[in-house]
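Starting from the given sequences, assemble the full structure and let the hints guide the process.
Protein chains in written order, with my numbering: chain F, 1 to 327; chain G, 1001 to 1340.
These are computed hints drawn from the structure, not numbers from a lab. Be aware that a few hints might be false.
Unchecked claim - Using 30 Å as the maximum straight-line C-alpha spacing, the simulated BS3-like pairs for lysine-lysine come out as follows: (1) Lys-1306(G) <-> Lys-1293(G); (2) Lys-1152(G) <-> Lys-1339(G); (3) Lys-100(F) <-> Lys-1100(G); (4) Lys-1078(G) <-> Lys-1339(G); (5) Lys-1339(G) <-> Lys-196(F); (6) Lys-1152(G) <-> Lys-1183(G); (7) Lys-315(F) <-> Lys-200(F); (8) Lys-1152(G) <-> Lys-1240(G); (9) Lys-200(F) <-> Lys-3(F); (10) Lys-100(F) <-> Lys-1339(G); (11) Lys-1054(G) <-> Lys-100(F); (12) Lys-100(F) <-> Lys-1152(G); (13) Lys-305(F) <-> Lys-226(F); (14) Lys-1185(G) <-> Lys-1152(G); (15) Lys-1078(G) <-> Lys-100(F); (16) Lys-305(F) <-> Lys-315(F); (17) Lys-200(F) <-> Lys-123(F).
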Amino acid sequence: MRKTTFIQAINEALREEMRRDERVFLIGEDIGYYGGLFRVTRNLLEEFGERRVIDTPISEQGFMGMAIGAAMVGLRPVVELMYMDFYLVCADQIFNQAAKMHYMTGGLLHVPMVIRGQQGGGKRYGSQHSSCVESTFAQFPGIKVVAPATPYDAKGLLISAIRDDNPVLFLEHKMLYFTRGDLPDEGVEYTVPIGKADVKREGKDLTIATFSYTLLQALEAAEELKAEHGIDVEVVDLRSVTPLDMETVYTSVAKTGRLLAVHESQANAGIGAEIVARIYEEAPYLLAAPARRLGMAPASIPVSKVLEEELLPWKNDIKATVLSMLK
Amino acid sequence: MTEPSLKASVPSAKAAVAEPTAVLSTEQLLPMYRMMFLIRRVEESLLELAESGKIGGAMHTAIGHEAAAVGMAAALRKEDYLTCTYRGHHHSLARGMDPKRAICEVLGKAPGFAKGKGGSMHFVDPSLGLMGANGIVGAQVPHAAGMALAAKIRGEDRIAITFFGDGAMYQGVMHETFNMAQKWKLPVIFYCENNRYSEMTPISRTSSVSDLYLFVRAYGMESMQIDGNDVEVVYDAITKAAARARAGEGPTFIEGITYRLAGHMAGDLETYRTPEEIEMQRAYEPLARLHQKLLDRGVSEEELNKIRAEVEEEVQEAVDYALEAPWPDIAEAYTDVYKV
Chain F
1 MRKTTFIQAI NEALREEMRR DERVFLIGED IGYYGGLFRV TRNLLEEFGE
51 RRVIDTPISE QGFMGMAIGA AMVGLRPVVE LMYMDFYLVC ADQIFNQAAK
101 MHYMTGGLLH VPMVIRGQQG GGKRYGSQHS SCVESTFAQF PGIKVVAPAT
151 PYDAKGLLIS AIRDDNPVLF LEHKMLYFTR GDLPDEGVEY TVPIGKADVK
201 REGKDLTIAT FSYTLLQALE AAEELKAEHG IDVEVVDLRS VTPLDMETVY
251 TSVAKTGRLL AVHESQANAG IGAEIVARIY EEAPYLLAAP ARRLGMAPAS
301 IPVSKVLEEE LLPWKNDIKA TVLSMLK
Chain G
1001 MTEPSLKASV PSAKAAVAEP TAVLSTEQLL PMYRMMFLIR RVEESLLELA
1051 ESGKIGGAMH TAIGHEAAAV GMAAALRKED YLTCTYRGHH HSLARGMDPK
1101 RAICEVLGKA PGFAKGKGGS MHFVDPSLGL MGANGIVGAQ VPHAAGMALA
1151 AKIRGEDRIA ITFFGDGAMY QGVMHETFNM AQKWKLPVIF YCENNRYSEM
1201 TPISRTSSVS DLYLFVRAYG MESMQIDGND VEVVYDAITK AAARARAGEG
1251 PTFIEGITYR LAGHMAGDLE TYRTPEEIEM QRAYEPLARL HQKLLDRGVS
1301 EEELNKIRAE VEEEVQEAVD YALEAPWPDI AEAYTDVYKV
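Given below as structure tokens:
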């Protein structure tokens, strides 16, 4: 074991999979010579050459479509979207094409590809470079969605995503990039399964189900709630949004009787709404009090530091919501 | 508002391929005649089925476009990749798709190649190199370029071809793809079936460019405008483009001038053109021209009648088969969401 950054974990996953499987190639903007805007793909062009690390023009529809075509004939592209907000520029290719291809061809074609990139607020990038996008993707069967929060899960899930035979959206949060965590030594192979949640903190009073950067915020909130109020929160890291591992959530709520779903994206029509709806449909008897969700208020993300901090549903909002649920 | 001004004849080819140099033998042309007639009869039968209410949704036939598909199938190898638009029955049949399974698919029946899930707009069969017809205008074009990229990454001898209409030329993704394909010298052929109507609107009313093959010249791409209703001209142009692609010389854009004799889709009111215009175009349609070409070469009317009678029987059999075929098992509604 050693400590690495989230960025280093992703870089290692890419390098190890490219060494292992010559079908894997990378395509996107500034990923080769520059090494990626956030340096996630640094040094990969040097090792794998221009055939497998492809710098594109700023043509998201075009290179997303080309990656889909390459995947349809058996390669395994990993496409970088520089900011996840740009998925809207190539939305037809992702949703009408990649997500539906297997179904509408009756299983004759499939699209084994990964779309990865960073998302989220906290760095004052404003409305078009800060969105969290998972709920839109969750509306499209045919595509899987993963959103790890630790370097260990990032590396293990990215390897699983590359080996998956379906399109997988791999969400990185810009606030996670320089966080550090334990990682097995380079070359020690491991994977984290898609669709399996992980309890990151045990507790008995209330379950928080979350993913991506709000996991770290929830863990901090949990520590402070313990120290300040003696409240013992269990934190479930969903890790995947599609498929959603509700079993792990139910196991936790069976112990705590309370559920709060948290994410940075819009509360309205979000994954939190889905989680709350599911527990009422499938296991309402587990709840000792109404389940709730916490997400962003209906506004775009502003640039001003004070306005952005006001809107992001981070630690203080999580603490306040937990306290109100335990009143 | 002005009436669309369509030229009385197919515009003369302006660039590289004016006259076919690789003239096909009569022996080569006869099966192409058969296939063209088969496509024509399948399409006409599908229109009849649509009129009788047996086909739901949108169905776009390629009556008048057959030369593009049949010339392509003769010019390329079976392993070469193909993507096309929702007007794609003709490409699939020309590449060897069984008419029975094709008609079943359009009707949503179980023996359809995609178990009735794809229908008319999503013809596909990877075993024939058919990598998907697409319901979104232009969306299949980057896919073909990506397949060409894959062939290049793997160092294979395969190429890709993609078919689209004049209407697709105005989608941004097309130009993104043209630029990358040329920059990376991808082994791909872009074939524009210019029937001069973007769905129901003549391109003369919406386009700033009248000769579509000129678009890609800005990218430095080899391009030409051909008589897309002469199967030999199509064959020749695609053969040469394929040779360039296999030699690593990059993509070619072919604008094949054609004319859609039926509506944009089944049920099209066709208020945008006159019966006289359609009648005028019949003189230039590919099947009639190949028929005349074969007669000129000394093939007897009797021999051509025999071919047509065989095809009529085959198509009728396919229609009967499809009408009798079972619906898919309802459990299929839930399968093929993810590859497992």
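So, going through the hints one by one against the coordinates:
no.	hint	in the structure
1	Lys-1306(G) <-> Lys-1293(G)	17 Å, holds
2	Lys-1152(G) <-> Lys-1339(G)	26 Å, holds
3	Lys-100(F) <-> Lys-1100(G)	25 Å, holds
4	Lys-1078(G) <-> Lys-1339(G)	26 Å, holds
5	Lys-1339(G) <-> Lys-196(F)	18 Å, holds
6	Lys-1152(G) <-> Lys-1183(G)	13 Å, holds
7	Lys-315(F) <-> Lys-200(F)	16 Å, holds
8	Lys-1152(G) <-> Lys-1240(G)	19 Å, holds
9	Lys-200(F) <-> Lys-3(F)	18 Å, holds
10	Lys-100(F) <-> Lys-1339(G)	11 Å, holds
11	Lys-1054(G) <-> Lys-100(F)	25 Å, holds
12	Lys-100(F) <-> Lys-1152(G)	26 Å, holds
13	Lys-305(F) <-> Lys-226(F)	29 Å, holds
14	Lys-1185(G) <-> Lys-1152(G)	9 Å, holds
15	Lys-1078(G) <-> Lys-100(F)	26 Å, holds
16	Lys-305(F) <-> Lys-315(F)	16 Å, holds
17	Lys-200(F) <-> Lys-123(F)	25 Å, holds
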